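Enquirer: Given chain A's structure and the hints, the job is docking chain B onto it.
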Amino acid sequence: MLVNVSTTTTSPLADAEITDTSLRAFLHGLPGVDQVGAEQRAATLASRSIKTSAKAQAIDLAISMVDLTTLEGADTPGKVRAMCAKAVRPDPADPSVPKVAAVCVYPDLVAQAVRALKGTGVRVASVATAFPSGRSSLDVKVQDTKLAVEAGADEIDMVIDRGAFLSGRYMRVFEEIARIKAACGDAHLKVILETGELVTYDNVRRASWLAMMAGADFIKTSTGKISPAATLPVTMIMLEAVRDFRAATGEMVGVKPAGGIRTTKDAIKHLVLVNEVAGDDWLTPEWYRLGASSLLNDLLMQRQKMTTGRYAGPDHFTLD
Amino acid sequence: MSERLAVRKTYKLYIGGKFPRSESGRSYVVTSSTGDFLANAAHASRKDARDAVSAARKAFGGWSGATAYNRGQILYRIAEMLEGRHAQFVAETVAAEGVSAERAGELVDAAIDRLVWYAGWSDKVSAVAGSSNPVAGPYFNFSTPEPTGVVAVMAPQGLLGLVSVIAPVIVTGNTCVVVADGRTALPAVTLAEVLATSDLPGGVVNILTGQAAELAPWLASHMDVNAIDLTGVPEHLAAACEEAAAENLKRVFRPLPPATDWLATPDTKRLMAFLETKTVWHPVGM
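Top line first, the protein sequences correspond to chains A and B. For what it's worth, this note's numbering labels the leading residue of the first sequence as 1, then goes sequentially. For what it's worth, this note's numbering labels the leading residue of the second sequence as 1, then goes sequentially.
No wet-lab data here; the hints were simulated from the structure. Nothing here was measured: the structure is a model prediction, and the numbers come from that model. Any given hint could turn out to be false.
What the hints assert, rightly or not - So the derived list for chain B, only partly shown, Cβ under 8 Å to chain A, looks like this:
id	residue
1	50
2	51
3	218
4	221
5	222
6	224
7	249
8	265
Said to hold, decoys possible - List time: in silico DSS-like cross-link candidates among lysine-lysine, alpha-carbon distance up to 27 Å:
id	chain 1	residue 1	chain 2	residue 2
9	B	47	A	51
10	B	124	B	278
11	A	265	B	58
12	A	51	A	305
13	B	12	A	265
14	A	225	B	58
15	A	265	B	18
Cβ coordinates follow ideal geometry from the N, Cα and C atoms, glycine included.
Pulled out of the complex, with its shape left as it was, chain A reads as follows (with noise of 0.2 Å):
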């Protein structure tokens, strides 16, 4: 399984330019993900048990981790201030809690987030280019990714076009990738592959390898919008992707599952995946993220039986 990809295969990059045809020579030689030793692998590290002072750890870290997220059609700024604030300070009762990474928000709501979080450290994540289908012409894409990048974003979560990657229009995800790349400026750029469109683990790794080519910054996998979104084996196919990535060209990408993460147990089997898949590198907020809404909720829990001793009810934390 654990095939390092950097020495059976040539990287395309060397290559002065990037074409069709070299791109899809490429993507189509990485070699193959042994679905069943994938999901095994994932499974034996889910296994592990990380207890006490190592699950405390785990908690702070999961935490600081934390993309706080909203996307629905009936967010309001009113909520997104009340995110934000939950943001800044998860557990008004116990100042040692960390703060989370980011708050991801739609575009229009950029600005709202950035006036509430101005000097607090936590950095505004926006979605943009026609999240979450991506069913939309390139200008539109583009002007979308201004839009949010204008309003202060400091990191922007495309999403890639699944027809034309599924239809093997690689060059086409790549250019525009690129573009909205060079739309975001200085704006971190997190590449969405929706894993859960792709279908199979070989289209996780190509999908992977296509984004960090065409520079993201962060491949995400999913927008949260359908099941099944983040699960183990297609992070750590993700995480296998970056490492290599790493070992071919020197560049270090993060990685961010989003969707389906709930519960503390399941990001402390993130936590671990990331550090034996990938390596401590990717163990800081700079380089790996979790985008969630309702696990901040059960971290605190967790985190509240830790320090108190007794069970802790979701009636003591605030509702997102």
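Expert: Chain B in isolation, oriented as in the chain A frame:
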């Protein structure tokens, strides 16, 4: 012909409508009153208690939102199913408590009648515990009882004891986590089988077998438990449980002196113990 192999029952927990083994993998030996081996029962851990509370919380919305009429029907249905298993409960009571078959029959009859008695209360509680209140102002003011939420029940011994503490809790719309200590595990698990086939939604009653002394402190301090019934808790533990329960202002029910005669017709104390009062001020003439 070879002799038939004995098909023995596995005594498991009842959580969220399912019958899982204890997360801890533990079990303990249940013996009869004369010391004979009866069964191995699951020995619930604090994590089973936590899971049971989650299941009870999940079931609360649906159960408390059901009409009183519907809840009454379901309680009556439980009585029906219990009646169908009359002989089994009598045999188990004889084995576990060492009483005569005649006495065991009386106890099982009483348990069935108790369910019917409480079933009848479902749509009458609000008339008895609610009121319209005379107030000095232009308001129509009225109070209605509402279920407290998730109730941890430390059950007393025996089937009749179990039914007598569970029925008043659930008939008003609460959900519960019941701890059946020692040899009460056996009637408790059989009762769980009755509950599972009585149209009672999963999670409304969750039954943990094991030691009350081990589980009571965890349930008493649990922030997502709204009330605790200490009936089956040994005297020396009760004070500590009451203290732990104060952290989230749990309602505590502790009968003094401890209840012993379960055959006597109950009053409404248990029924009223797990209710909250909602008062509405409705302006008139505005």
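Enquirer: Confirm or reject each hint.
Expert: Here's how the hints hold up against the structure:
{"no.": "1", "hint": "50", "verdict": "holds (6 Å)"}
{"no.": "2", "hint": "51", "verdict": "violated (11 Å)"}
{"no.": "3", "hint": "218", "verdict": "holds (7 Å)"}
{"no.": "4", "hint": "221", "verdict": "holds (4 Å)"}
{"no.": "5", "hint": "222", "verdict": "holds (4 Å)"}
{"no.": "6", "hint": "224", "verdict": "holds (3 Å)"}
{"no.": "7", "hint": "249", "verdict": "violated (11 Å)"}
{"no.": "8", "hint": "265", "verdict": "violated (36 Å)"}
{"no.": "9", "hint": "B/47 x A/51", "verdict": "holds (14 Å)"}
{"no.": "10", "hint": "B/124 x B/278", "verdict": "holds (17 Å)"}
{"no.": "11", "hint": "A/265 x B/58", "verdict": "holds (19 Å)"}
{"no.": "12", "hint": "A/51 x A/305", "verdict": "holds (13 Å)"}
{"no.": "13", "hint": "B/12 x A/265", "verdict": "holds (25 Å)"}
{"no.": "14", "hint": "A/225 x B/58", "verdict": "holds (24 Å)"}
{"no.": "15", "hint": "A/265 x B/18", "verdict": "holds (22 Å)"}
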